[in-house]
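2 protein chains.
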Amino acid sequence: MKRLKIPDVTVHRLSDYARILDQFDGEGIRIVSSDVLAARCGLNPAQIRKDLAYFGEFGVRGVGYHVGELKENLKGILGVTHAWRVALVGAGNLGSALAAYQGFLTHGFIITAVFDKYPEQAKLPPNGRFPKILGVDRIKAEIRRRGIQIGIITVPAEAAQGVAERLVSAGISGILNFAPVRLRVPKHVKVRNVDLGSELESLSFFLSKQGGAPS
Amino acid sequence: MKRLKIPDVTVHRLSDYARILDQFDGEGIRIVSSDVLAARCGLNPAQIRKDLAYFGEFGVRGVGYHVGELKENLKGILGVTHAWRVALVGAGNLGSALAAYQGFLTHGFIITAVFDKYPEQAKLPPNGRFPKILGVDRIKAEIRRRGIQIGIITVPAEAAQGVAERLVSAGISGILNFAPVRLRVPKHVKVRNVDLGSELESLSFFLSKQGGAPS
Chain A
8 MKRLKIPDVT VHRLSDYARI LDQFDGEGIR IVSSDVLAAR CGLNPAQIRK DLAYFGEFGV
68 RGVGYHVGEL KENLKGILGV THAWRVALVG AGNLGSALAA YQGFLTHGFI ITAVFDKYPE
128 QAKLPPNGRF PKILGVDRIK AEIRRRGIQI GIITVPAEAA QGVAERLVSA GISGILNFAP
188 VRLRVPKHVK VRNVDLGSEL ESLSFFLSKQ GGAPS
Chain B
8 MKRLKIPDVT VHRLSDYARI LDQFDGEGIR IVSSDVLAAR CGLNPAQIRK DLAYFGEFGV
68 RGVGYHVGEL KENLKGILGV THAWRVALVG AGNLGSALAA YQGFLTHGFI ITAVFDKYPE
128 QAKLPPNGRF PKILGVDRIK AEIRRRGIQI GIITVPAEAA QGVAERLVSA GISGILNFAP
188 VRLRVPKHVK VRNVDLGSEL ESLSFFLSKQ GGAPS
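Same order as they appear, the protein sequences are chains A and B. Numbered as in our numbering, the first sequence ends at 222 without a single skipped number. Numbered as in our numbering, the second sequence ends at 222 without a single skipped number.
If you are wondering where the hints come from, they were derived from the structure by calculation, not from laboratory data. Bear in mind the structure is a predicted one, so any value in this text is a computation, not a measurement. Warning: the hint list may mix true and false statements.
One copy or any two copies: either way a pair holds, since identical chains are not told apart in the list.
Stated by the list, open to error - Straight line, CA to CA, 25 Å or less: simulated SDA-like cross-link-like pairs of lysine to any residue:
(1) K194 to T17
(2) K216 to R189
(3) K197 to P52
(4) K197 to H89
(5) K57 to R191
My request is simple: use the sequences and hints to build the entire structure.
So this is what it looks like as structure tokens:
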């Protein structure tokens, strides 16, 4: 693998490719042309070739891609051939929903521990088998004991930095942050921010430009 | 306002700037230098100037930005000086959590209608006042009647395209899509995708590169 800086958008598209190849696989398709793969992804074939070129040579000129092979390669690149253990901090409405969200499991991420400031009050949805909610003072010990590698933060904005520091000191180096705040973390820690309000604002920005602003 | 194509990442940063200016405002700070604003945003001042330059001239050389004025300008640009009415389709775990998520409200987005394929079975969390859940066959009529402008899709992947078509035919032109599938929509419709599994995969990608893959 070349030691280039891979853009985040490329990594996201690799996820898309892997998911779409999985669909082809399910449909019994063994080989797919780059045109057909590109069409299903809503991209042009050149973009797919460019994204894949970061990681080596894939596909056969004039033939296309071997569906199963490329899928397994992509999963290897994405690091999802094994399951990852995930801790979730903040068992409010959003945190509870994420704990119950089956989509994580299908991607190979298992929520192994849930923490909350008030573990007695927090409630996870009854449908599903969830770990017992623990107090945030248990973060360090439990994350180490259970070999957890990724943390999800769903606490209020003002508590997020403190939680991030606890996670990092427990050895976590990947954080998915839903709190609307920029976390300060050491360089070796990768943070992905999902700011749901900001996503809606980017829609309202485009609607406003179209003259669709509400009266 | 110049008629340039504004990058999505710029629009996202405008949301960040508005939120951080709001914090300064709350701290009683009236004027902020571009260095201080940049530091709080985790960016360099040149980036902020470049982002703002799409929309006009802001700030006073050698002085900085007027906090309240810039904040109001940004809210106007983002189209969030008024409230937006939002419909949510799919009242499962994730949809219920989003309906209960207070963060949308603070950004000026009000979930005005919730739809589900099985409205009798779906249950919203007891904490909060939510609209009655309606069947998906009511989407078109209710969205028009209530003047809803934005749709959130939290249905399973295989149902998402059909829901998007219903929303578009009801007049919706902004969609926040949580289903892991690319929606095909007319050109005037803006879609933002939030794929939570893919966010985690981008973390596992970086952790794998560090040699932190699970054994």
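- 25 Å Cα cut-off: does K216 pair with R189 within a copy, between copies, both or neither? between (28 Å within a copy, 24 Å between copies)
- Item | Within, between, both or neither: K194, T17 at alpha-carbon 25 Å | Both, since 21 Å and 24 Å are each at most 25 Å.
- Message: At most 25 Å between alpha carbons: which applies to K197 and P52, within, between, both or neither?
- Response: Cα proximity of K197 and P52: across copies only (23 Å, versus 30 Å in one copy).
- Message: When Cα atoms must be at most 25 Å apart, do K57 and R191 count as within-copy, between-copy, both, or neither?
- Response: between (32 Å within a copy, 24 Å between copies)
- Item | Intra- versus inter-copy proximity for H89 and K197 (alpha-carbon distance at most 25 Å) | For K197 and H89, only the intra-copy Cα distance (19 Å) is at most 25 Å; the inter-copy one is 35 Å.
The structure fails none of the hints (numbered hints given earlier).
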